[in-house]
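Trainee: Protein sequences appear in the order of chains A and B.
Residues in the first sequence are numbered consecutively from 5, following the numbering used here.
Residues in the second sequence are numbered consecutively from 5, following the numbering used here.
It is possible that part of the hints are untrue.
Computed cross-link-like contacts, DSS-like style, restricted to lysine-lysine with a CA-CA straight-line distance of at most 27 Å [unchecked claim]:
no., chain 1, residue 1, chain 2, residue 2
1, B, Lys284, A, Lys192
2, A, Lys61, B, Lys325
3, A, Lys325, B, Lys61
4, A, Lys318, B, Lys325
5, B, Lys61, A, Lys318
6, B, Lys318, A, Lys318
7, A, Lys318, A, Lys61
8, A, Lys325, B, Lys318
9, B, Lys318, A, Lys61
10, A, Lys284, B, Lys192
11, B, Lys61, B, Lys318
None of these hints come from the bench; they were simulated from the model.
In this text, all values refer to a predicted model and were calculated from it rather than measured experimentally.
2 protein chains.
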Amino acid sequence: MRPTDLLGGRPVAVIGAGLVGAGWAIVFARAGLDVRVYDADPGAIDRALALIAEQLKELESFGLIDDPAAIAEHLRPAYQLAESVEGAAYAQESVPERVDLKRRLMQDLQQVAPPNLVIGSSSSGIPASAFTHDLDIASRVLIVHPVNPPHLVPVVELVPSPATSGTAIEFVAALMQGLERSVVMVRKEVRGFVLNRLQGALLREAWALVEDGVASCEDIDRTVRDGLGWRWSFMGPFETIDLNAPGGVADYANRFRSLYREIAGSRTHEDAWQPELIRKVEAERRSLLSQDALAGRRAWRDRRLMAFAAQREKSLEQDAK
Amino acid sequence: MRPTDLLGGRPVAVIGAGLVGAGWAIVFARAGLDVRVYDADPGAIDRALALIAEQLKELESFGLIDDPAAIAEHLRPAYQLAESVEGAAYAQESVPERVDLKRRLMQDLQQVAPPNLVIGSSSSGIPASAFTHDLDIASRVLIVHPVNPPHLVPVVELVPSPATSGTAIEFVAALMQGLERSVVMVRKEVRGFVLNRLQGALLREAWALVEDGVASCEDIDRTVRDGLGWRWSFMGPFETIDLNAPGGVADYANRFRSLYREIAGSRTHEDAWQPELIRKVEAERRSLLSQDALAGRRAWRDRRLMAFAAQREKSLEQDAK
Numbered sequence: 005m006r007p008t009d010l011l012g013g014r015p016v017a018v019i020g021a022g023l024v025g026a027g028w029a030i031v032f033a034r035a036g037l038d039v040r041v042y043d044a045d046p047g048a049i050d051r052a053l054a055l056i057a058e059q060l061k062e063l064e065s066f067g068l069i070d071d072p073a074a075i076a077e078h079l080r081p082a083y084q085l086a087e088s089v090e091g092a093a094y095a096q097e098s099v100p101e102r103v104d105l106k107r108r109l110m111q112d113l114q115q116v117a118p119p120n121l122v123i124g125s126s127s128s129g130i131p132a133s134a135f136t137h138d139l140d141i142a143s144r145v146l147i148v149h150p151v152n153p154p155h156l157v158p159v160v161e162l163v164p165s166p167a168t169s170g171t172a173i174e175f176v177a178a179l180m181q182g183l184e185r186s187v188v189m190v191r192k193e194v195r196g197f198v199l200n201r202l203q204g205a206l207l208r209e210a211w212a213l214v215e216d217g218v219a220s221c222e223d224i225d226r227t228v229r230d231g232l233g234w235r236w237s238f239m240g241p242f243e244t245i246d247l248n249a250p251g252g253v254a255d256y257a258n259r260f261r262s263l264y265r266e267i268a269g270s271r272t273h274e275d276a277w278q279p280e281l282i283r284k285v286e287a288e289r290r291s292l293l294s295q296d297a298l299a300g301r302r303a304w305r306d307r308r309l310m311a312f313a314a315q316r317e318k319s320l321e322q323d324a325k
Numbered sequence: 005m006r007p008t009d010l011l012g013g014r015p016v017a018v019i020g021a022g023l024v025g026a027g028w029a030i031v032f033a034r035a036g037l038d039v040r041v042y043d044a045d046p047g048a049i050d051r052a053l054a055l056i057a058e059q060l061k062e063l064e065s066f067g068l069i070d071d072p073a074a075i076a077e078h079l080r081p082a083y084q085l086a087e088s089v090e091g092a093a094y095a096q097e098s099v100p101e102r103v104d105l106k107r108r109l110m111q112d113l114q115q116v117a118p119p120n121l122v123i124g125s126s127s128s129g130i131p132a133s134a135f136t137h138d139l140d141i142a143s144r145v146l147i148v149h150p151v152n153p154p155h156l157v158p159v160v161e162l163v164p165s166p167a168t169s170g171t172a173i174e175f176v177a178a179l180m181q182g183l184e185r186s187v188v189m190v191r192k193e194v195r196g197f198v199l200n201r202l203q204g205a206l207l208r209e210a211w212a213l214v215e216d217g218v219a220s221c222e223d224i225d226r227t228v229r230d231g232l233g234w235r236w237s238f239m240g241p242f243e244t245i246d247l248n249a250p251g252g253v254a255d256y257a258n259r260f261r262s263l264y265r266e267i268a269g270s271r272t273h274e275d276a277w278q279p280e281l282i283r284k285v286e287a288e289r290r291s292l293l294s295q296d297a298l299a300g301r302r303a304w305r306d307r308r309l310m311a312f313a314a315q316r317e318k319s320l321e322q323d324a325k
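Based on the provided sequences and hints, a complete structural model is requested.
Mentor: Written out as structure tokens, the structure reads:
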């Protein structure tokens, strides 16, 4: 179902207007939904709307949208929380990743939200029950975790708390599918959900390899960006190994499990995120990319993601033929 | 230096003519090097040459090569090991991943190889010292591990053994750079090297998430192919987190290390590669893709990799402007 039909003309609230909130606003507005952008800091709202205008121009230049002005017309600022959610069918909160801030917001929303508002949280690791467990609105809150930037990368993790209603889960799943998000259902409130658990597992090994002097962090990045990342950018880890042995994944497991068991058994570092190691990696990264150049490189990253998105659309069309 | 200049007109031997060997033959021939393709099974040589002819046509259709016939002229079969390495400057062995087979091959090569032949092994996890430690040719052997298929994905891991000479390492590094490979220097002979250690860490968490009932293997694949994999396809894990906090990687570590520590601490499964779990994942994969469809899907994968390679060339040109 199209998002505009699913919401029956009701608007969406974007709460927290940082980079993640701005990305979400584009996702909703692109689909024709009316979006109210709120932040506790009024200056952040104006900055977000200016950033969105720039991002829409870039999306147009990559052929990913047709009419930036028409999309921008769906956006308006809301300088009060109550105003942002008035009459809204859905709210996406993207306030900073702190339990106390998310909890205070949920308490405030309980006061001002319309009775059937469903609330998605962009939390990247804190489960919803940690900030909704004793609130009446708990049944209408779940995690809807995007990748940064949300308007460029399609995946979202849906992580209900034990209190989230089936109705709310189904509504959000339908909404996200309508928004052309790639929906991952996370069935238990595990710390880090699926995405950051997978990223964390790979990062842990990456930190440890640097610490052990096996490879530089640049060579580790190279191993992924010129190797593993190519296949993972359109297949995922299970399909990759399923296609990497003549008989499929079980055949692959028979061939390689002793190697992977030895690898797992030889990793002894309990905690890779140590201050001295972080300083070492920071020093190598800053020798490759100065502090001043970070913002420019982020813009480069977003252009590469846009080129990737445009290429992916072509490939999906090709596959459909 | 161009590979043809570096080798001074001497040919290259491809030993072991499976999928990996066939891919290597294309890498060498594309750069104008004369290649002799050997396999202990003569039928495998003929099948490899036929496969290469098909693959060259596909590369042409994606604009990745101009003249398949000119490339194919650089290839010829060698039905004896001695014939394959006669006068050769470099040999790339891609026999199956078994210590006994690799060891026997090295013993044979010690008999027939010209005195200054350098030998790269496509081993994906067995270190060179495991099959060369007591041989005279040990100083001329190192691991040169590609990703499958080698002619499409640019990364290669160079893993010298303690016996490998500096001259051999420098020669292979220069050759691989000339072949437009993305060279990763692995400084210690760790099991799995860098690539399979990173892949193994992510797979271990992926298997465990399926076992714990947190997500289906399709949803785990989706998390990577529609999320993590987009960034990793051109940045690598360290650059990804370096750009994902305003102040760079140290700032990111300060913000997220407690999350990642909790994630690492909550992973208790010692060995994820258990028969029952493998059967479960195999069953889910076969429900998504039947055994009969595996070969077709591999061809699809290779076309997607070719499209990715063509897009990457455009992006690199764009970056260079």
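Trainee: Compare the distance between the alpha carbons of Lys61 (chain A) and Lys325 (chain B) with 27 Å, and conclude whether the hinted pair is satisfied.
Mentor: holds (21 Å)
Trainee: Take a quick look at whether Lys318 (chain A) and Lys325 (chain B) sit within 27 Å of each other, Cα to Cα.
Mentor: The hint holds at about 25 Å.
Trainee: Under the criterion that the straight-line Cα-Cα distance not exceed 27 Å, is the pair Lys61 (chain B), Lys318 (chain A) satisfied?
Mentor: holds (21 Å)
Trainee: Does the alpha-carbon distance linking Lys61 (chain B) and Lys318 (chain B) stay inside the 27 Å limit?
Mentor: Holds. Lys61 (chain B) to Lys318 (chain B) sits at ~21 Å (cutoff 27 Å).
Trainee: Checking one constraint from the list: CA of Lys318 (chain A) to CA of Lys61 (chain A), max 27 Å. Satisfied?
Mentor: holds (21 Å)
Trainee: Lys318 (chain B) and Lys318 (chain A) were given as a pair; does the straight-line alpha-carbon distance stay at or below 27 Å?
Mentor: Between Lys318 (chain B) and Lys318 (chain A) the Cα gap is close to 15 Å, so the pair holds against 27 Å.
Trainee: Keeping to a limit of 27 Å between CA atoms, is the pair of Lys318 (chain B) and Lys61 (chain A) held or broken?
Mentor: holds (21 Å)
Trainee: Assess, step by step, whether the Cα of Lys325 (chain A) is no farther than 27 Å from the Cα of Lys61 (chain B), and give holds or violated.
Mentor: holds (21 Å)
Trainee: Does Lys192 (chain A) lie within 27 Å of Lys284 (chain B) when you go C-alpha to C-alpha?
Mentor: OK: Lys284 (chain B) and Lys192 (chain A) at ~19 Å, within 27 Å.
Trainee: Given the proposed pairing of Lys284 (chain A) with Lys192 (chain B), does the C-alpha separation stay at or below 27 Å?
Mentor: holds (19 Å)
Trainee: Tell me if the straight-line CA distance from Lys325 (chain A) to Lys318 (chain B) falls inside 27 Å.
Mentor: The hint holds at about 25 Å.
When each numbered hint is compared with the structure, no violation occurs for any of them.
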